[in-house]
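**Student:** Chain by chain, the residues run as shown.
2 protein chains.
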Amino acid sequence: MSATPKEFLDFVDNNADAFIKRLSEAVSIKSVSGDAAYRSEVFKMSDWISQQFKAVGVEIQQVDLGKHIMDGQELQLPKAVLGRLGNNPNKKTILVYGHFDVQPANLSDGWNTDPFVLTAQPNGQLVGRGSSDDKGPVLGWLNTLQYHHDNKKELPVNFRCCFEGMEENGSEGLDELVERESKPGGWFDGVDCVCISDNYWLNTRTPVLTYGLRGLSYYKLNITGPARDLHSGVFGRTVHEPMTDLIKLMSTLVDVNGKILIPGVDEMITTADVEERKLYEALDYSIDDVEASAGASIALSTDKVEVLMGRMRMPSLSLHGIEGAFYGPGAKTVIPAKVSGKFSIRLVPPQTPENVLPLVKAHVESEFAKLGSKNKFELEELHGGKPWVTDINHWNFQAARTATKAIYNKDPDMTREGGSIPVTLTFAEALGVNVLLLPMGRGDDGAHSTNEKLDRSNFIEGTKLLGTEIRWNMYNVICIFQAHIMPL
Amino acid sequence: MSATPKEFLDFVDNNADAFIKRLSEAVSIKSVSGDAAYRSEVFKMSDWISQQFKAVGVEIQQVDLGKHIMDGQELQLPKAVLGRLGNNPNKKTILVYGHFDVQPANLSDGWNTDPFVLTAQPNGQLVGRGSSDDKGPVLGWLNTLQYHHDNKKELPVNFRCCFEGMEENGSEGLDELVERESKPGGWFDGVDCVCISDNYWLNTRTPVLTYGLRGLSYYKLNITGPARDLHSGVFGRTVHEPMTDLIKLMSTLVDVNGKILIPGVDEMITTADVEERKLYEALDYSIDDVEASAGASIALSTDKVEVLMGRMRMPSLSLHGIEGAFYGPGAKTVIPAKVSGKFSIRLVPPQTPENVLPLVKAHVESEFAKLGSKNKFELEELHGGKPWVTDINHWNFQAARTATKAIYNKDPDMTREGGSIPVTLTFAEALGVNVLLLPMGRGDDGAHSTNEKLDRSNFIEGTKLLGTEIRWNMYNVICIFQAHIMPL
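So the protein sequences, as listed, match chains A and B. Position 310, counted from 1, in the first sequence is what UniProt numbering calls 310; the numbers after and before it change by one each time, with no gaps. Position 2, counted from 1, in the second sequence is what UniProt numbering calls 2; the numbers after and before it change by one each time, with no gaps.
Calculated directly from the structure, the hints in this document are not laboratory data. Nothing false has been slipped in among the hints.
If several chains are the same, the list does not tell them apart, and a pair holds so long as it fits within one copy or across any two.
The calculated SDA-like cross-link candidates involving lysine to any residue, where the alpha carbons are at most 20 Å apart (straight line), are: (1) LYS370 x PRO263; (2) LYS220 x GLU323; (3) LYS183 x ASN87; (4) LYS338 x GLY328; (5) LYS386 x THR352.
With the sequences and hints as input, model every part of the structure.
**Tutor:** Shown next as C-alpha cells:
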C-alpha cells in the first residue's frame, strides 16, 4: 500500500492541461486588492473560488468582513471564503489557508506579456499575475479535492479552508474572523493542524518546508525644527537643521555589515553552536544563489552559513527612507522642516516588539541627547509582529517531509524565512496547533514583481505534493492512534 | 538744491493709488514660468511690461530667447524685454534688472485670498503673487520714469533695463543674452553700473544694501547595490544595503552645529577680526529675528554676530534629501536598490565650485572606502555657481546709501545674502562694472510662499528710493567729473 497511489498521480498528470486552463481562468480575474478600481474583480474572484470548491463537494460560506477606507473611499471588503469537507472524528482535520487577491500589475511596468493572461513559455514557466502568489497553490488544493470528488474517493482528512481577498493589502478583517471561527462551534473548531502554501523554495531546485518566520518592528524617527521648510541660502549655518540631526541618528543604528548597533538587540540572540551551524550547512543554497537573486555581488559574507543565519536566525535592521525630505530628481535647496526616518528591525525569538522597543527608545534618546540639537525629537513605533518558530518534529512536518520525499525524490530543505507572514502567527495563536508552511513555487517566481511565474512542474508536482501530504497525515493519524502497527 | 525734489516725492504720494492699481493689473496676469499651462500668461506679461515702459518714453525691444523643453514639451521661452532711455555721454548709464515671471500659486496651497488678485489688507500689506517678487520693484522703476515723462523732466542718468520672464525657472537664455548685449554695440554697451531690486531687507524695519551673495555647489552621492529593490525580510542582514552606506556617508559631512566636516572646506575661510565682527554687530538684527522667521527657537548660537556670519560670510552645508528611498507615509519594508543623497554647500570667497569639488570628492571617496561596502559609489556635481562680493565704497553704493538716508532717514544695513542670485554674477562678469542689490521688500514678504505681500509703504517709499538713487548717481557723476565743486 502506497501513500501516493499511482491512480492519483496519473489523474494529476492526465488533467494537467485542464488544471492549467483553470489557473488561466483564475489569473484572468484581475483581483488586485490594493487598487479601489479593481475591487469588483476581487469580489468576482471570491465568487469564482466559492463556485470551484462547491463543484468538488466542499461546503462553502462566503463571509462579509465589513468595510474599510482606502484612498479616501469607503469600500466593502472582499468576502472571505470558508470551506468544509468531512467531519469524521477518526480523521485529522487540516485547515488550509490561501489568498485569491493579487498585487497590482500593468503591462507598462515591464511585463513581457499581458499580466492577466496566463502565458506558457517554452521553458515551462506559466507567466501571469497571481500564478505563484497565491492562485496556483489555492488551485493545487482544488485539483487534489477534484481527484477525490471525481473518483468518489473518500478524503483521508477532514478538510477546512480559509481563503481571503485582502492578503496583499494588510489582510484587513482576517484576524477577527480567525479568532471568531477558532472558538468552540466555529468553522475552525477541531482543527488539528494548519497548512499554508504562500511562500517559496530557497532556490529553484530543492523543495522546502518552512518552520520559522522573523517578526517585525517598524519605527519612525521624527525630527521637527522650523515651522516650515526653509531656504538653505537664507538659513544654512543659521539654525539646527532636522535632516542633519536625523542622518546622525540613523547612522548609529546599524553598521554596513548588518550588525545592529543598538545595545542589547543583537545580544538577545544566542550564538549558533557547531550542531546548529550544520543545519544551515546542509541547505541547498550558495552565495551565488543570494547574489543571483539580488542581482549583484553584494553578499555580506563569503560563508554561506553566515549569510543564511543572517537571514533566518538573526535580527536585521534596514533603513527604508525619509518622509518629509526632498526626494525628487533634480536639485532643490530646501532645509526640510520636519523629517521622519523610517527603519525596521526583523525579529527572531526571543525578541518581540515589546522587549525590543525599550532598547531602541533608550538608544535613540541617548544619541539624540548627545547631539545637543535644539530641534524636537520623537520615536514612533508604527507596527510590529512577533517572530514565529515551530517544532519541525511535529507530525504535520513529518507528513510533509515524507510526502516531499515521495514526490520529489529528495529531502526538503528545512528553512526559516527572513520575512513575515502574519497570518501564520494568527492561526498558531488562535488555534494553538502546529502550522506548516509548504511552498509550491520557486525562489525566482517574482511574486511581487513583473513577469511573475509558476513553473508548470511546480504546479503539477506541487498538486501531487498537497494530495500526498494529506494522505500522509492520514497515516500519521493511524500511526498515532494505532501505535505504529500499520506498515508504511 | 536737493537730490530728492519735493515735487518728485509729492508726485509719488499723489499717484500712490494709481501705482497700486497698476501693480494689481500686473499681479492679475498669471505669469507662472514653471508651469507650461501658464506660458501664454508669461508672454502676455512680456507684452504688458513692454507697453508700460513704452508709454513713459522708453525704447523697447522684445527679444526671442528660443525654445526649451519643460515637462516633456517643447516650449517657446518668454521674450525678454530690453529698454533704453537717454544716451547722454555726460551722464552715467545705469542698467536695471528685474523679472516679470512669478512662482506658482493656488488658493488651495493655503492663500487667504486669490493669489492673482492684489488684496490690500488693513495693515497696509498688498497681498498677491509677485507683489514683492518681482513685479513691485519693476513697477517701482516704471513709477520713477513716469514722473520724468509726465513732468517732462530730463532723466538724471541714461537708463537701460533688462526684464526677463524665466527667473523663477532657471533664467534660461538670459546668460547668452547678457553676454551678447554686453559687447561693443550691444544694448548694454556703455553701462556704468547695475542695480538689481530682487532681494529683501534683513528684517521688517531697516533698509538694506546688499554687496555679497553666497555661491553654491550641489552634489549627489549615488550608492548602487542590488539590481532591483529588495524585500527587507528576505534580504535583511544578507546583503550590503545602499541606504546604510549612504546614511553613513552623509553623516560625515556636517555636524549639528553647522560646522562642515569635509577637511579643507571651512579652513579656506579666514577668521573675522574684531573690526569685521563690528560690521555684523552693527546690523539691525537679533536672534529673535532669525527665530521668528524660522518659526522656532533653533538658532545655532545666542551670539547674533556668529549667526549672521554663519549666514553671510561662512560656507554652509545642508542635507536636502534622498532620491530613490521610500519617502511616502506609512511603513514599507523595502531595501532600496539605488539611492542618491542630495546635499549642497553654499560658498563664500575664495571658494568656487572648482576649488571645493576636489575636497568633497577626496573626503567622500575616503569615507566610502573606510566602510568596506561591496556596493558601488559615485559622486555627481549637479550644478554650481560662484559666490560674489563687491566693493561697498563704489559710487554705486554711495549713491544708494545716501538715497536711503534721504528717504528712510536711517543708514541702510550693509548685508551679504546667504543665498544666490545668479544673474548678479552674470552682469558683474559680462560688464565688468559694479552691481548693487537694492531691495524694495521686507524680510517677511514670503517671496516664494503663500500670501506673498509687499507693504504699501515699501512700494511707495521704495519708488521714491529708486528715483532718488538715480538722482544721486547723477550727483556722483558730477562729483567725479567736477571734483566735488557742486554743493550737495
